[in-house]
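Colleague: Spelled out, the chains give:
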Amino acid sequence: MSMYRYDEFDHAFVASRVAEYTEQVERRMAGGITEDQFKPLRLMNGVYLQLHAYMLRVAIPYGTLDSRQMRKLAHIARTYDKGYGHFTTRQNIQYNWPALTDTPRILEELAEVEMHALQTSGNCIRNVTSDHFAGAAADELADPRPWCEILRQWSSVHPEFTYLPRKFKIALSGAAHDRAAVRVHDIGLQMRQHNGQLGFEVFVGGGLGRTPMIGKRVREFLPAEDLLAYTTAILRVYNLNGRRDNKYKARIKILVHETGLEDLRAQIEAEFERLRGGELTLPHDDVEAIHSYFAAPDLPNRSQEAIALTSQMDADPAFGAWVAQNSSAHRHPDYSCVTISLKGIGDAPGDASADQMDAVAELAERFANDELRVSHEQNLALPHVAKGDLRAVYDGLVACGLATANIGLISDIIACPGLDYCALANTRSIPVAQDIAQRFADPARAADIGPIKIKISGCINACGHHHVGHIGILGVEKKGTELFQITLGGSADENTSIGEIIGRGFEYDQLIDAVETVIETYLQLRSDPSEIFIDAYRRVGPEPFKHALYGAPKQAA
Amino acid sequence: MANVQFKAVAANRLSDGIAVWATSAPGGFRWTETWAAVAPVALDADPGEVEALEAWAAAEAGRDHVVSERLIDVARDQQGYLPTRLRERIVAAGPTVRLDLGKQAEQSTHAVAA
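Heads up: the protein sequence lines correspond to chains A and B, in order.
Under my numbering, the very last position in the first sequence is 557; numbers go up by exactly one each time.
Under my numbering, the very last position in the second sequence is 671; numbers go up by exactly one each time.
Calculated directly from the structure, the hints in this document are not laboratory data.
Since this is a predicted model, take the numbers as computed values, not measurements.
It is possible that some hints are incorrect.
Stated by the list, open to error - Taking lysine to aspartate or glutamate pairs in the EDC-like style, the calculated list, with each CA pair at most 16 Å apart, reads:
1. A/Lys82 / B/Asp657
2. A/Lys546 / A/Glu520
3. A/Lys82 / B/Glu663
4. A/Lys479 / B/Asp630
5. A/Lys216 / A/Asp263
6. A/Lys39 / B/Asp630
7. A/Lys82 / B/Asp630
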């Protein structure tokens, strides 16, 4: 098992925060503090108030957890909630129904497995996110998780950065293919090698929300040992100059936009020069110690079983389809990275029942070196599975209803909780995803359509990443009804792009037909079946899609 | 969208966040967990009645029984009273994607606070 570990300080700190929060809840229930006084305190512990109940958001550091932790999440769902949890685009889990009076006990239980809900709200540095195949993928330069962990330790209750102008999100990728959407984070770190030295390409000012921006490259190469010095420099410049007068202009992306990249880079570099070589330079021994937490698991050669996989796949087409769609290349040729779809046709994206969480924990323990991941695309992953064990994993997933073979296909949709749960939402999001998945439920049709990313947000805050969906759907409320805007051409990988609004919005009962029109248009215009949706869109632009959706453009008189 | 003809007060119970609504009771108002038990106030009724409802809800929040108290618009059709905004209709029923959860799955009525 390779995992982060709490040290004595972490244990003592989290325990003290739980005790403090327990007392705060008691005082609130006894009338000792008002809601205005209490609300920021509960938010600092991840407790929100939504439409039907409170919601507790629990951090899963860079999406990494083990079976013991997953079982605890299942136990909490079963004991304190309604038997399920919702995995989010931030690699967190949200519980939708906890009683306020139970939240202190839930946090105590989480602390038993080195988890918490700190910094899952508020204008601080949030959960650092990463590639869900970190430490396993064949295309990886280096495991980003030790650096994520360094950032986690540094950013936890950082006194200087606890009250930033606005929330702050950092994502890291160590692979050639960006599975962590680093270009749409406040800071995006892409691992690079330069003259044999490991480091980062640094992007700043990416983000979604009402003003989507692609992160700008602020540094081509940052030596790894300077990670904290440089990140501190960025945050200092932001903390000092970021706008606090307008919540909607307070993210660092607005500062980058208003200041200009060159000017901002000069400010960051000046601060970095002051910090470089000082106490923030990462000591080699400490870096090594943290790397040892994430030591690669012992993966013995199992080549004979790997060779046998092809005949197993041929013998059972359903298994074959699942392996083909839901597993990807591991750095060890006898192993695979497995993605567990939380997008069963007609299911709520990202939801898992307590029983499913337990079943997945069991599979991780038996077949995957006790490692589990949560992806920002709201699926789970087993990063190290021997090809010889894929059949057993598949059978286990079939038994718990998690064997849908649709990763990367049209029904693998990101959707925020939307108006079914969220107090910020303007429209529903989950049923849109369910209806699209059902419309394209035929596996042969989905396979023909090929890789495509549909992302749905129920409000402009864009938790469902609609700006970077190949097809993005944004719900807005218009005259009391739900209206949905379609954007096309977004992408969140190494070729990040922001989707373009294709035209006027669609009412709910027209929306799925409109999506189907977009798909049919793509199928007709693609150069050949290997040209995927996003590539075809980039080649032809929006016009054919506009034409198909809204009719021929009017000719000028 | 139906015309707004009535007002009601919605809130969430402090202890567990469960949605509740104010409804008339002997000598004033009380909280109910069940939308069907709510008697919204007609806009063409005594204008003081809405103010009295709001004042009671604010006082209840001050007594730490509820949070997020809010005046909502209500219309009436053949089915009965219904919040006009989808948001409040979902609050009154539960998630549209989980009919086994929320009010639609639990029809009991409890007092919000002793």
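Colleague: Holds or violated: A/Lys216 with A/Asp263, Cα cutoff 16 Å?
Modeller: 13 Å, holds
Colleague: Would the hint linking A/Lys82 and B/Glu663 be met if the CA-CA limit is 16 Å?
Modeller: 13 Å, holds
Colleague: Given the hinted pair A/Lys546 and A/Glu520, is their alpha-carbon gap at most 16 Å?
Modeller: OK: A/Lys546 and A/Glu520 at ~13 Å, within 16 Å.
Colleague: Has the given pair, A/Lys82 with B/Asp657, been kept, meaning a C-alpha gap of at most 16 Å?
Modeller: Holds, at about 10 Å.
Colleague: Hey, A/Lys39 versus B/Asp630, does the alpha-carbon distance stay inside 16 Å?
Modeller: Distance of about 26 Å is beyond 16 Å: violated.
Colleague: Given the hinted pair A/Lys479 and B/Asp630, is their alpha-carbon gap at most 16 Å?
Modeller: 14 Å, holds
Colleague: Is A/Lys82 close enough to B/Asp630, meaning Cα to Cα at most 16 Å?
Modeller: Cα-Cα ~30 Å, so violated.
In this structure, the earlier hints numbered 6 and 7 are contradicted, and the remaining ones agree with it.
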